[in-house]
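**Student:** Work out the full structure, taking the sequences as your base and the hints as a guide.
For reference, the chains in residue letters:
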Amino acid sequence: MIFRIPKIKLGNKIALIYFILGFASLIAVNLIWLLPSLTETRKNAATLQLEIAKRGAIEINSFLDYKIGSLENIGPFLRPQEIEKNREILDNFLQKEQVFFEITLIDGTGQERIKVSQFEIFSESELTSRADEEYFQKALGGIFFVSRVFFSEKAEPYLILAIPIYFSPSGTGGVLMAKLKLREMQQIISELKVGSLSHSFVVDGEGRLIADPNLSLVLKNLNLSDLAPVKKIIEKKQIVDGLASEDIYQNDQGQSVLAVGMPLQKLNWGLIIERPEADAYSGLTSKITAFVIIFVLGGLSIFFAARLLAIYLIGPMKKLGDGAKIIGAGNLDYRLNITSGDEIQELAEAFNEMGSQLKESYVYLEHKVDERTRELIAQRDQLDQAVKKLIDRDVVLNEIRKQQEEALLEANKAKSKSEEARIASLNILEDIDESRKAQEDEKNKVEAVLRSLTDGLIMIDQFGWISLINPEAEAMLNVKKENVLLKRLAEIEKADIKKINEAIEKEEGIEKKEIKLDGSPERILEISTALVIGVDKKILGQVIILHDITREKAVEKMKTEFVTITAHQLRTPLSAVKWTLRLILDQDLGPISKEQAETLQKGYQSNERMINLVNDLLNITRIEEGRFIYGLLKISFIDLIKETVDNFQTLADMRNIKIKLQISENDIEIMGDKEKMKLALQNLIENAISYSFSGSDVTISVDCDNMNLTVAIKDKGMGIPENQQKRVFSKFFRADNAVKMETEGSGLGLFLTKNIIEKHGGKIWFESEEGKGSTFYFTLPIAK
Amino acid sequence: MSNKKTFFILTIFLIVLAAVIFLVINQNNGNKQSKVFHVGLLQMASTVNANIDGFKAGMAELGYQEGKNIVYDYKNAEGNIDLINEYAKSFVVQRVDLIFSDTSPATQAAKEATTNSTIPVVFSMVADPLRAGFIASIQSSGNNLTGTSCAYIDIAPKRLEFLKEAFPGIKKVLVFYRPGDKSGEPAYEEIKKAGQKLGVQIIAKPVSKSEEIKEILKNLKPFEVDALMDPADSMVTANVDSLVEASLRLKIPLMMLSDLEAERGATITYGVDYLDLGKQSAALADKILRGTKPAEIPIEMPRTFRIVLNLKVANQIGLTIPENLITRVRAAGVSGGRIIPL
Numbered sequence: 002m003i004f005r006i007p008k009i010k011l012g013n014k015i016a017l018i019y020f021i022l023g024f025a026s027l028i029a030v031n032l033i034w035l036l037p038s039l040t041e042t043r044k045n046a047a048t049l050q051l052e053i054a055k056r057g058a059i060e061i062n063s064f065l066d067y068k069i070g071s072l073e074n075i076g077p078f079l080r081p082q083e084i085e086k087n088r089e090i091l092d093n094f095l096q097k098e099q100v101f102f103e104i105t106l107i108d109g110t111g112q113e114r115i116k117v118s119q120f121e122i123f124s125e126s127e128l129t130s131r132a133d134e135e136y137f138q139k140a141l142g143g144i145f146f147v148s149r150v151f152f153s154e155k156a157e158p159y160l161i162l163a164i165p166i167y168f169s170p171s172g173t174g175g176v177l178m179a180k181l182k183l184r185e186m187q188q189i190i191s192e193l194k195v196g197s198l199s200h201s202f203v204v205d206g207e208g209r210l211i212a213d214p215n216l217s218l219v220l221k222n223l224n225l226s227d228l229a230p231v232k233k234i235i236e237k238k239q240i241v242d243g244l245a246s247e248d249i250y251q252n253d254q255g256q257s258v259l260a261v262g263m264p265l266q267k268l269n270w271g272l273i274i275e276r277p278e279a280d281a282y283s284g285l286t287s288k289i290t291a292f293v294i295i296f297v298l299g300g301l302s303i304f305f306a307a308r309l310l311a312i313y314l315i316g317p318m319k320k321l322g323d324g325a326k327i328i329g330a331g332n333l334d335y336r337l338n339i340t341s342g343d344e345i346q347e348l349a350e351a352f353n354e355m356g357s358q359l360k361e362s363y364v365y366l367e368h369k370v371d372e373r374t375r376e377l378i379a380q381r382d383q384l385d386q387a388v389k390k391l392i393d394r395d396v397v398l399n400e401i402r403k404q405q406e407e408a409l410l411e412a413n414k415a416k417s418k419s420e421e422a423r424i425a426s427l428n429i430l431e432d433i434d435e436s437r438k439a440q441e442d443e444k445n446k447v448e449a450v451l452r453s454l455t456d457g458l459i460m461i462d463q464f465g466w467i468s469l470i471n472p473e474a475e476a477m478l479n480v481k482k483e484n485v486l487l488k489r490l491a492e493i494e495k496a497d498i499k500k501i502n503e504a505i506e507k508e509e510g511i512e513k514k515e516i517k518l519d520g521s522p523e524r525i526l527e528i529s530t531a532l533v534i535g536v537d538k539k540i541l542g543q544v545i546i547l548h549d550i551t552r553e554k555a556v557e558k559m560k561t562e563f564v565t566i567t568a569h570q571l572r573t574p575l576s577a578v579k580w581t582l583r584l585i586l587d588q589d590l591g592p593i594s595k596e597q598a599e600t601l602q603k604g605y606q607s608n609e610r611m612i613n614l615v616n617d618l619l620n621i622t623r624i625e626e627g628r629f630i631y632g633l634l635k636i637s638f639i640d641l642i643k644e645t646v647d648n649f650q651t652l653a654d655m656r657n658i659k660i661k662l663q664i665s666e667n668d669i670e671i672m673g674d675k676e677k678m679k680l681a682l683q684n685l686i687e688n689a690i691s692y693s694f695s696g697s698d699v700t701i702s703v704d705c706d707n708m709n710l711t712v713a714i715k716d717k718g719m720g721i722p723e724n725q726q727k728r729v730f731s732k733f734f735r736a737d738n739a740v741k742m743e744t745e746g747s748g749l750g751l752f753l754t755k756n757i758i759e760k761h762g763g764k765i766w767f768e769s770e771e772g773k774g775s776t777f778y779f780t781l782p783i784a785k
Numbered sequence: 003m004s005n006k007k008t009f010f011i012l013t014i015f016l017i018v019l020a021a022v023i024f025l026v027i028n029q030n031n032g033n034k035q036s037k038v039f040h041v042g043l044l045q046m047a048s049t050v051n052a053n054i055d056g057f058k059a060g061m062a063e064l065g066y067q068e069g070k071n072i073v074y075d076y077k078n079a080e081g082n083i084d085l086i087n088e089y090a091k092s093f094v095v096q097r098v099d100l101i102f103s104d105t106s107p108a109t110q111a112a113k114e115a116t117t118n119s120t121i122p123v124v125f126s127m128v129a130d131p132l133r134a135g136f137i138a139s140i141q142s143s144g145n146n147l148t149g150t151s152c153a154y155i156d157i158a159p160k161r162l163e164f165l166k167e168a169f170p171g172i173k174k175v176l177v178f179y180r181p182g183d184k185s186g187e188p189a190y191e192e193i194k195k196a197g198q199k200l201g202v203q204i205i206a207k208p209v210s211k212s213e214e215i216k217e218i219l220k221n222l223k224p225f226e227v228d229a230l231m232d233p234a235d236s237m238v239t240a241n242v243d244s245l246v247e248a249s250l251r252l253k254i255p256l257m258m259l260s261d262l263e264a265e266r267g268a269t270i271t272y273g274v275d276y277l278d279l280g281k282q283s284a285a286l287a288d289k290i291l292r293g294t295k296p297a298e299i300p301i302e303m304p305r306t307f308r309i310v311l312n313l314k315v316a317n318q319i320g321l322t323i324p325e326n327l328i329t330r331v332r333a334a335g336v337s338g339g340r341i342i343p344l
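Line order of the protein sequences matches chains A and B.
Quick note: to get the numbering used here, add 1 to the position in the first sequence (first position is 1).
Quick note: to get the numbering used here, add 2 to the position in the second sequence (first position is 1).
Treat the hints as calculated values from the structure; they're not laboratory data.
For glycine and all other residues, C-beta sits at the position ideal for the given N, C-alpha and C.
Hints may contain errors.
Result set (EDC-like, lysine to aspartate or glutamate): computed pairs, CA atoms no more than 20 Å apart in a straight line [what the hints assert, rightly or not]: (1) 199/B to 113/A; (2) 289/B to 185/A; (3) 199/B to 192/A; (4) 194/B to 127/A; (5) 195/B to 462/A; (6) 199/B to 121/A; (7) 221/A to 298/B; (8) 195/B to 121/A; (9) 199/B to 125/A; (10) 289/B to 192/A; (11) 199/B to 127/A; (12) 97/A to 167/B; (13) 155/A to 298/B; (14) 295/B to 253/A; (15) 199/B to 253/A; (16) 194/B to 167/B; (17) 194/A to 63/B; (18) 194/B to 185/A; (19) 223/B to 243/B; (20) 97/A to 325/B; (21) 500/A to 462/A; (22) 155/A to 191/B; (23) 86/A to 288/B; (24) 194/B to 121/A; (25) 86/A to 167/B; (26) 195/B to 125/A; (27) 194/A to 167/B.
Chain B side only, calculated, beta carbon under 7 Å to chain A, not exhaustive [to be verified]: (28) 12; (29) 322; (30) 325.
**Tutor:** As structure tokens, this is what we get:
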């Protein structure tokens, strides 16, 4: 957008729009009358002024016409030779028409015959000839003559009128010449007013000022022919109508004036009326003033009305807004009371309806909110814990930062020290370079080693964040390093990683734990964890090793299946051989010799061992396949152990081993599978007897407390080498010394026994010292 | 801005605006001249009261209403020179807006009193202001004076002619005058010249005091003179009663100046219309009060000269005025003449 519309309240918008529209209309309407009115006013001012000038011209013409006429009127009464009579006529005329101050009767030859004056007495000897005077000649020619303006000794402007007269009855001619004071014309001019500031004056045919209210100007004999209206009148004999541009000019006082003018044709004079332009166009001023007043008052009124309108319209809307706020603030019982009779009232009613519905919804929502609140509280607690961990981390980071700063400080100190030893350290630098290169090589080697590891490796730092993951781990878990680094296992949304995380959280220091990964084909990882301890014995984190045992599992499964199949296949023939040999040894098929019996007995024993082996294998496979079913019943452990010990009495006697049974309680009952438990006891007792030296004893003790019974089977036999003790409970394991001492054995017995004991809720462990003997312990929960 | 504030401010603004408009309009419609002018009227003698009345009437016609926008301070010296000077000075002290003086002595006093002042003076009833030294020229006084001349010096010959025309048998005319009087002496000179043209002997009697006029008249014998004539000397004019008495006693016509003298017994008068001259002077005063300087206003001559025939007195002294003259006077109209009947 080129410009942004500022935010304006609706009431102000309405008022503004109304104001703009109303104001524009007001201006437009007023301009419609004002503009033509201004033109009309100008024209009217000039027209009025011209009318006055016309009236003045008529008056002046009338004045002169009257005066000439009055002269003409006495003509017929004059007699050529009746001097005194004529004098009397002239005296009477002069006394009556005192605007004339001198009259002379001139005969046809130009000789003055009678001369009368207001002031002087003329004797006959003072009368002269006027034959050469222009006025006489023109008047005698039959045309009345009007002279230019003269000024008397008394500074009175006057002109000479000369008219032809015809003496009756002779009809001869003469001239009557009269001097006419122009005071009356002065009076006419003075009374020609347009407004109070106008100025009228008369100029003659040469542009000289001959009449002006200010007589002193007339006496100055001013020539005004340079003025445009004067020029127009005397040169072109045109009316000056005041509408031309040259009709407005600056007068001799520097005032801008509007001039109109009328030519006085008979006299070749011009009447001009000047009026100050401001005065002439005062009508304009008043119209413009009226316009401005209308403009201002109208504008204010419109503004006023606009505000009222806005208040009228916005009032209910404001009420609506306020009410909505109150309802929105939670007061759902509040109801709007608007009776504007329009859509706003409808809207208010709708709001009220909405308020009622909201209230109903509110109760329902409150209940929901409570539930959600509880959930959120729980989440909040979790977040608090996370935050606490973050804070701890921040504290640790600050500590690290401090340590880094201290280290930096130390480094700076070292740097300054190294500067002193710079020369000496050049060689060292070379070594350092080599060392650094070696370190880099080492680092690269480490990285290479990590990359070349066939197992996956994940490093968790002391804060629980993944700080390292090798490519193999990435591949195993189908993740990218950059997506998991600096995250916690729990934060990573992958099912496999969650499984790893669960496993880690359940127990520390996982030895080996199998995790089946999601996806196809099936993958099984064996995870191991170990703490990473720094040189200062600080725990730097934890490393998780992911070993892909999918193939091994597959191989084991195949092996198990093979063993199972083989065992099953072998069992029948072995049973058959056993039965056959038994028959022969029992001489059910005929007598046999001692040598035959010894040989067959060896065969029978070997077959028994094979059968035991096959049974063990089958048990192992059942355990591994989860088919080693336990039927737990309340059994008497004391009875069981006694029974088992009895079974091995013959073997013990053969080996010159004494079995001691130490039982604290008369009876202890457990929840167990009798057969399976018997098998476990058999394995332990058989091992104790088999790996004991001749003449030693095997002590079997049974203790119990409120919860568990504890059995200890102690022998004083070869013991188990320390370096092989960890593998004692592994499948097919037999210690080297055991193998030397007893060439027979499957190595499955303790594996089975451990499984059985653990399945019964117990634990099994041992203590052993090579050459001194072993003590195997196990516990079992007492049946309640 | 709250709605209430808006309304309040608007209301106050509209009231103020209306008041301003009202005041402006009223100011424009007010009187042209709101000032009250103070005009001093300086009169030498009551014989020219009509001139003062004409001045005031003329001012009234021009919009100056006594007591409203103009105040007159009237001072009549009744012929006392010292008093007229004192009155003139008092007007200056009072700082009047204008002094109107009629007759030469009053004008002289006003001129001297305003020597160091700018108070304008409009004079009237001055026979020859130029010869009197009041002005530099007719066109422009060059000072703070202007006014109307009564032109008595100019019409002096005509006055003698009228006297001769009214009473054709007169041969000797007695004329009193004060030597040195700015009006009387030059008028006498003109009368003397005119007498030569008309075949009338002018018997000049230079006087300096009214007592002298009385004394001369008292001692005047019948047929010593044929007529008496006031040359237009204010002192002579002031002695109208003495002259009338002599006129009646000696049964000789008396020529004076105005209606007033005719009403007091002069046989014939020819002079200016005091009232009209006063009005004519008012027009000049109006220009001055509107701002024009006196020096910019030329001195004006009378618009009208008036002849009055006192038929009653003529009859008393056994004289008959020719009918044509009477006709002329009648035809001259109210402004041009007057007949005091038998």
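**Student:** State for each hint whether it applies.
**Tutor:** Do the hints match the structure? See the list:
1. 199/B to 113/A: 18 Å, holds
2. 289/B to 185/A: 18 Å, holds
3. 199/B to 192/A: 42 Å, violated
4. 194/B to 127/A: Within the cut-off at roughly 17 Å; holds.
5. 195/B to 462/A: Not OK: residue 195/B and residue 462/A at ~153 Å, beyond 20 Å, violated.
6. 199/B to 121/A: 11 Å, holds
7. 221/A to 298/B: Roughly 11 Å separates the two Cα atoms, so the pair holds.
8. 195/B to 121/A: Holds, because 11 Å separates the two Cα atoms, which is no more than 20 Å.
9. 199/B to 125/A: The given pair, whose Cα atoms are some 10 Å apart, holds under the 20 Å limit.
10. 289/B to 192/A: Roughly 14 Å separates the two Cα atoms, so the pair holds.
11. 199/B to 127/A: Answer holds: residue 199/B to residue 127/A is near 10 Å, not above 20 Å.
12. 97/A to 167/B: 17 Å, holds
13. 155/A to 298/B: Holds, at roughly 16 Å.
14. 295/B to 253/A: 18 Å, holds
15. 199/B to 253/A: 50 Å, violated
16. 194/B to 167/B: 16 Å, holds
17. 194/A to 63/B: Holds, because 17 Å separates the two Cα atoms, which is no more than 20 Å.
18. 194/B to 185/A: 33 Å, violated
19. 223/B to 243/B: With Cα atoms ~18 Å apart, residue 223/B and residue 243/B stay inside 20 Å; holds.
20. 97/A to 325/B: Holds. Residue 97/A to residue 325/B sits at ~16 Å (cutoff 20 Å).
21. 500/A to 462/A: Roughly 19 Å separates the two Cα atoms, so the pair holds.
22. 155/A to 191/B: The hint holds at about 19 Å.
23. 86/A to 288/B: Not OK: residue 86/A and residue 288/B at ~44 Å, beyond 20 Å, violated.
24. 194/B to 121/A: 13 Å, holds
25. 86/A to 167/B: 13 Å, holds
26. 195/B to 125/A: Holds, because 15 Å separates the two Cα atoms, which is no more than 20 Å.
27. 194/A to 167/B: Not OK: residue 194/A and residue 167/B at ~45 Å, beyond 20 Å, violated.
28. 12: Status holds, d = 6 Å.
29. 322: 17 Å, violated
30. 325: 11 Å, violated
When each numbered hint is compared with the structure, violations occur for hints 3, 5, 15, 18, 23, 27, 29 and 30.
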